[in-house]
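Protein chains in written order, with this note's numbering: chain A, 21 to 361; chain B, 6 to 295.
Simulated from the structure, these hints should not be mistaken for lab results. Where hints are given, some of them may not hold.
[What the hints assert, rightly or not] Simulated crosslink set (DMTMM-like; lysine to aspartate or glutamate; CA at most 25 Å straight-line):
no.: 1; chain 1: B; residue 1: Lys259; chain 2: A; residue 2: Glu145
no.: 2; chain 1: A; residue 1: Lys153; chain 2: B; residue 2: Asp276
no.: 3; chain 1: B; residue 1: Lys117; chain 2: B; residue 2: Glu162
no.: 4; chain 1: A; residue 1: Lys321; chain 2: B; residue 2: Asp276
[What the hints assert, rightly or not] If the Cβ cut is set under 8 Å, some of the chain A residues that face chain B in the computed set are:
no.: 5; residue: Gly34
no.: 6; residue: Ile173
no.: 7; residue: Leu224
no.: 8; residue: Arg229
no.: 9; residue: Tyr356
[Claimed, not checked] Example chain B residues on the side facing chain A (calculated, C-beta under 10 Å, incomplete):
no.: 10; residue: Ser108
no.: 11; residue: Tyr109
no.: 12; residue: Thr135
no.: 13; residue: Arg169
no.: 14; residue: Gly174
no.: 15; residue: Thr187
no.: 16; residue: Met204
no.: 17; residue: Thr223
no.: 18; residue: Leu225
no.: 19; residue: Asp243
no.: 20; residue: Ile261
no.: 21; residue: Thr275
no.: 22; residue: Gly295
No residue lacks a Cβ here, since even glycine has one placed at the ideal position from N, Cα and C.
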Amino acid sequence: MNNIFVYCEITEEGTIADVSLELLSKGRKLANELNIKLEAVVIGSQITDIESQLFPYGVDVIHIAQDTRLFPYTTLPHAAIVVNLFKEEKPEIALFGATSIGRDLAPRVASALKCGLTADCTSLEIGDHTENKTQTTYKNLLYQIRPAFGGNIIATIINPDTRPQMATVREGVMKKEITSKSTKGEVKVLDIEQYLSSDDDFVLEIIERHVEQQKVNIKGAQIIIAGGYGVGSKENFDLLFNLAEVIGGEVGASRAAVDAGYVEHARQIGQTGVTVRPKLYIACGISGAVQHRAGMDQSAKIISINNDPKAPINKIADYTIIGSVSDIVPKMIKYYKANSK
Amino acid sequence: MSFRIVVLAKQVPDTRNVGKDAMKADGTVNRAALPAIYNPEDLNALEMALQIKKMRNDVEVIILTMGPPRAAEIIRESIYRGADKGYLITDRKFAGSDTLATSYAISLAIKKLAPYHLVISGRQAIDGDTAQVGPQAAEKLGIPQITYAEELLEVDENHIVIKRRLERGIEVVKSPLPALITVHSSAPDCRARNAKLLMKYKHARTVTELQEETRDYTELYNKRPYLQIDEWTVADLDADVEMLGLSGSPTKVKKIENVVLQQKDSVLLTDSDKDIELLIKELLSTHIIG
Ligand SMILES: Cc1cc2nc3c(=O)[nH]c(=O)nc-3n(C[C@H](O)[C@H](O)[C@H](O)COP(=O)(O)OP(=O)(O)OC[C@H]3O[C@@H](n4cnc5c(N)ncnc54)[C@H](O)[C@@H]3O)c2cc1C
Ligand SMILES: Nc1ncnc2c1ncn2[C@@H]1O[C@H](COP(=O)(O)O)[C@@H](O)[C@H]1O
Numbered sequence: 021m022n023n024i025f026v027y028c029e030i031t032e033e034g035t036i037a038d039v040s041l042e043l044l045s046k047g048r049k050l051a052n053e054l055n056i057k058l059e060a061v062v063i064g065s066q067i068t069d070i071e072s073q074l075f076p077y078g079v080d081v082i083h084i085a086q087d088t089r090l091f092p093y094t095t096l097p098h099a100a101i102v103v104n105l106f107k108e109e110k111p112e113i114a115l116f117g118a119t120s121i122g123r124d125l126a127p128r129v130a131s132a133l134k135c136g137l138t139a140d141c142t143s144l145e146i147g148d149h150t151e152n153k154t155q156t157t158y159k160n161l162l163y164q165i166r167p168a169f170g171g172n173i174i175a176t177i178i179n180p181d182t183r184p185q186m187a188t189v190r191e192g193v194m195k196k197e198i199t200s201k202s203t204k205g206e207v208k209v210l211d212i213e214q215y216l217s218s219d220d221d222f223v224l225e226i227i228e229r230h231v232e233q234q235k236v237n238i239k240g241a242q243i244i245i246a247g248g249y250g251v252g253s254k255e256n257f258d259l260l261f262n263l264a265e266v267i268g269g270e271v272g273a274s275r276a277a278v279d280a281g282y283v284e285h286a287r288q289i290g291q292t293g294v295t296v297r298p299k300l301y302i303a304c305g306i307s308g309a310v311q312h313r314a315g316m317d318q319s320a321k322i323i324s325i326n327n328d329p330k331a332p333i334n335k336i337a338d339y340t341i342i343g344s345v346s347d348i349v350p351k352m353i354k355y356y357k358a359n360s361k
Numbered sequence: 006m007s008f009r010i011v012v013l014a015k016q017v018p019d020t021r022n023v024g025k026d027a028m029k030a031d032g033t034v035n036r037a038a039l040p041a042i043y044n045p046e047d048l049n050a051l052e053m054a055l056q057i058k059k060m061r062n063d064v065e066v067i068i069l070t071m072g073p074p075r076a077a078e079i080i081r082e083s084i085y086r087g088a089d090k091g092y093l094i095t096d097r098k099f100a101g102s103d104t105l106a107t108s109y110a111i112s113l114a115i116k117k118l119a120p121y122h123l124v125i126s127g128r129q130a131i132d133g134d135t136a137q138v139g140p141q142a143a144e145k146l147g148i149p150q151i152t153y154a155e156e157l158l159e160v161d162e163n164h165i166v167i168k169r170r171l172e173r174g175i176e177v178v179k180s181p182l183p184a185l186i187t188v189h190s191s192a193p194d195c196r197a198r199n200a201k202l203l204m205k206y207k208h209a210r211t212v213t214e215l216q217e218e219t220r221d222y223t224e225l226y227n228k229r230p231y232l233q234i235d236e237w238t239v240a241d242l243d244a245d246v247e248m249l250g251l252s253g254s255p256t257k258v259k260k261i262e263n264v265v266l267q268q269k270d271s272v273l274l275t276d277s278d279k280d281i282e283l284l285i286k287e288l289l290s291t292h293i294i295g
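Excised from the complex, chain B in its bound form (with noise of 0.2 Å):
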């Protein structure tokens, strides 16, 4: 039996090189003026998996990914780096998920991947800033979490070593497996593409890619089909509907507001000696110094 690893990888807006132009007039974002990139902390995610792959020999990583079909980019960039195999998670029914739905539909797809010894996550996508899908997978799986993975320190068939990275200090920890890592910024960054792996696999395409592309793949295919990127769908998941999208999240987005300035009274001053001793005056007189 393989040492299986399956990695948790999301496509997010690159909210860090937010332009004048990513919001419309009526003040909702506008996602296409964003590029669509690898969640950095999925890379170093990624990495980890794929240092125990060079670690041990029988090591198999395999990427899973829950979005619209073009996240199938982010199954590709993980196999030019080393990765084995991906799966696409994607299906309009998964529309409008929020943390809870979206941990319920990958924990189903990590389910259809046992045995596995472990799940790597990212600490948090740059979209959202939440943190919370790692440890709701883990819950629903029923297996230990460790967050804020920094370094790898040792593993075996049964057994994990991570140092973690807290706020104020750092902790080790040592988990039996299965278990679920979710990996800090603070870990190696990801290896670069592989110019092999980038030769080989640069053809992989999921079905729905296959349906708009102009050139027909049939033999190329048929050739090598491990360039089949698998999709799976809520019904391969065997997946509840209702826990799916809208009416599986209980969280609601009331409102969204842009954020603007508010502008204030402001008292100009310059930086002549009278108008600096007239303020600190002013600050003195009010008590704001003392």
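Isolated chain A, as found in the complex (with noise of 0.2 Å):
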């Protein structure tokens, strides 16, 4: 049977990106249900400890490509590269980071390739399908689960008939998991001219480049103070950052809330924010839309803080607690204080 190829992004530091690693991760485990080899695809100049980055998560194999002129990325070349790997490795399934790379270079893919592609999906899994009309039977194809028509419905899309099955996963959506220290797989080595189509890939000239490092990482929290437009103003969110660092955790913050001018952009958590799986979630002031929930109602505990008690959030809350956030907000700060040693 053939394999999963995971298509890894370089970050500005030369290492490989989060999304790319949390998609390694899920990855080896549908390679383990599926018992194939779980392969990634690394493209770009200068990339050192390739093996001690990937192997840990479980990759049994590593085809690399570099080149002074494959970083940065631009579309050409990486779609050469990959679409000729392809054809020679023929994958079964094909993940891609839900990025401005990802989202650039996996549809020229598919297309290539005459594939399907599934864009931003939520949750990957195996099984089974039965054409109604056909009554034939496909086994252990991939799920593709994503939000639909402005994520008031999920969708289970699947690829029957082309191959590979390819998808994209936002960064955050997926955990990343370290398998085993000690694991060594294969490394592959291409040779650029044998998979580039022409000189002609590289027609593109990048100018001007400002990529920043990733900042406030509300993805790695474990604790996260998320607050909303019920917060009120940009003042009141201190409250939150006090508790956030009193407590250990990081702030986050609906739509409503950023565009309101409360916090940045960096900080949104939801369907066009970034999906997170903390350990405690309180929600200050957050109606709970449709969106909102998209990207935290995986949460191991939720409290919500709201005068409402019909907000749509306590129905998914472990705990609700009716009121003011600026009464109670400051009260969890005094009785943490008081109770932790």
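Starting from two chains that each stand alone, build the complex the way the hints lay out.
Right, here's the structure in full:
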């Protein structure tokens, strides 16, 4: 049987991007379920320590292509290498980050290979399918589950007949998990001249580039204090920052709070922001619209602070405190200080 | 030879304003309850084409849209804002197309419009949020793509310079032409309708639309042939039917679920000091906070 391939993005610092490590973690589980191998595709320039970065995630084979012209990313050479590699290796499944790079590259690859691609999956599972008309049964397909229609429906998409089954997934949606420190696999160095289509692959010239490193990292936080429009002001958001500092968490926000200018966009949680899965999520003055819940409903424990007992968020909360954010948050700080050692 | 720009624009249901009646009792989407609008980022795409038209005097802006007969509204709307002409790709055989089949049909239509300098699309359509049709059309045309364009910096006969908006920054790139550009919502908004163009083109119709009209347009159209909006079918595009619609779409929808809230057992607390202290103690004792 053919294998699972993950396209690995390279950060400004020359390391493998978090989103790719998350996909490898998910890919490892899918590979175990299907009893096939996990392979990583790394395309860039002067990347070091690649084995120590990837093998802990359970990668069986690394395909690496290096050339000074391959970093920063441009579409045509990366697409040519991936397409030609996939033609040779015929992957069963191919995963890409739903990032500026992945969403530029994956459709181009899918078009060249004439295979299906599902954007922005929030969940990937293995399952069977029986075609109603022909009663043909397909075993072990990739269920590509994603919100559609502005987040109002959840669709399960399959590609019964074409390979690879391709999907993109946003950063923060899958969990990053090291399988074992000691795993070791095979490294295959690609001779890029055999994979590029022609020198025309380098027609695009990058004149200028400013890309920031990841700054606010709410994704990795174990405790998130998230504020919504109900927090009421930028000043009141300081209360949330205080609580976060005292109990050791990060501050997140709903889109309404970001739109109102209370905090920066990097903190936005939800369908158009980041997806988080902390141990504890404290939603302060957030109504819990479906687009917001999509980014936080996997949290282990949820506390809602809201003056409206009927706010939809309360339905998914483990604890609901009815009242005003500006009263309750200072009390939480006070009693935390009083009771913690 | 004119500098030809093809703009891809789609009519979409307004998923940003989904009300209670947007879902039918059986859990499927009630498309009839949602107004059909011009996909927002496609308006940014049109604006970029119109900016180029302002910079050079040989520019021809052509709108391509694929959809049901009523999608002709997109072409009229574009012409009111300054586009020169439009084609509606419409045929029952296109129904059920995923992005691969859509980009196939669109790329055939673009080829019919060759020679062209630029193809400009929106980044993504709000009904599916896939952002795939642009890059897939570029691949099928064998031309470079520049995704997430925010600002047009330079353009001449042979090159274009574009500022791209990335998730953590920006990039300025120069590409040879022809190329395909997908435009991001942070690019300039589209200019308003022009009153003169509105007057001139308000009776523009496709053949299908004319058949529905009660009024006889024959005389008017003889005098003003430019009012005719052309429709292209599968036959006009010389398309391989196997590559269109459901048969040409490798992705299949297995299941659709309405988003519903799962009710959890929730502990209800007041804002009293006693309740808050109890909660904090419980979180500490269960090591949820440390
Ligand atoms: C395509 C699309 C994508 C979207 N993506 C996202 C996304 O990624 N993330 C996101 O968050 N949203 C997203 N949204 C927006 C989403 O639909 C909601 O509009 C948004 O989440 C609402 O934010 P909110 O809960 O902070 O504000 P509101 O809905 O205004 O709720 C404020 C809440 O605060 C309560 N409140 C008011 N005053 C107080 C007080 N003093 N103390 C305590 N409680 C108080 C109110 O009872 C209310 O429940 C998206 C929308 C669309 C259409
Ligand atoms: N049916 C269509 N007709 C014209 N343009 C389309 C169509 N579908 C998609 N596009 C273009 O492709 C872009 C991306 O669409 P999507 O891949 O559906 O998110 C849109 O912003 C449009 O510019």
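Quick rundown of the hints versus the structure:
no.	hint	in the structure
1	B:Lys259 - A:Glu145	holds, 13 Å
2	A:Lys153 - B:Asp276	violated, 58 Å
3	B:Lys117 - B:Glu162	holds, 20 Å
4	A:Lys321 - B:Asp276	holds, 19 Å
5	Gly34	violated, 15 Å
6	Ile173	holds, 5 Å
7	Leu224	holds, 5 Å
8	Arg229	holds, 5 Å
9	Tyr356	holds, 5 Å
10	Ser108	holds, 6 Å
11	Tyr109	holds, 9 Å
12	Thr135	holds, 4 Å
13	Arg169	holds, 8 Å
14	Gly174	holds, 4 Å
15	Thr187	holds, 9 Å
16	Met204	violated, 35 Å
17	Thr223	violated, 42 Å
18	Leu225	violated, 40 Å
19	Asp243	violated, 18 Å
20	Ile261	holds, 5 Å
21	Thr275	holds, 6 Å
22	Gly295	holds, 7 Å
Consistency note: the structure conflicts with the earlier hints numbered 2, 5, 16, 17, 18, 19.
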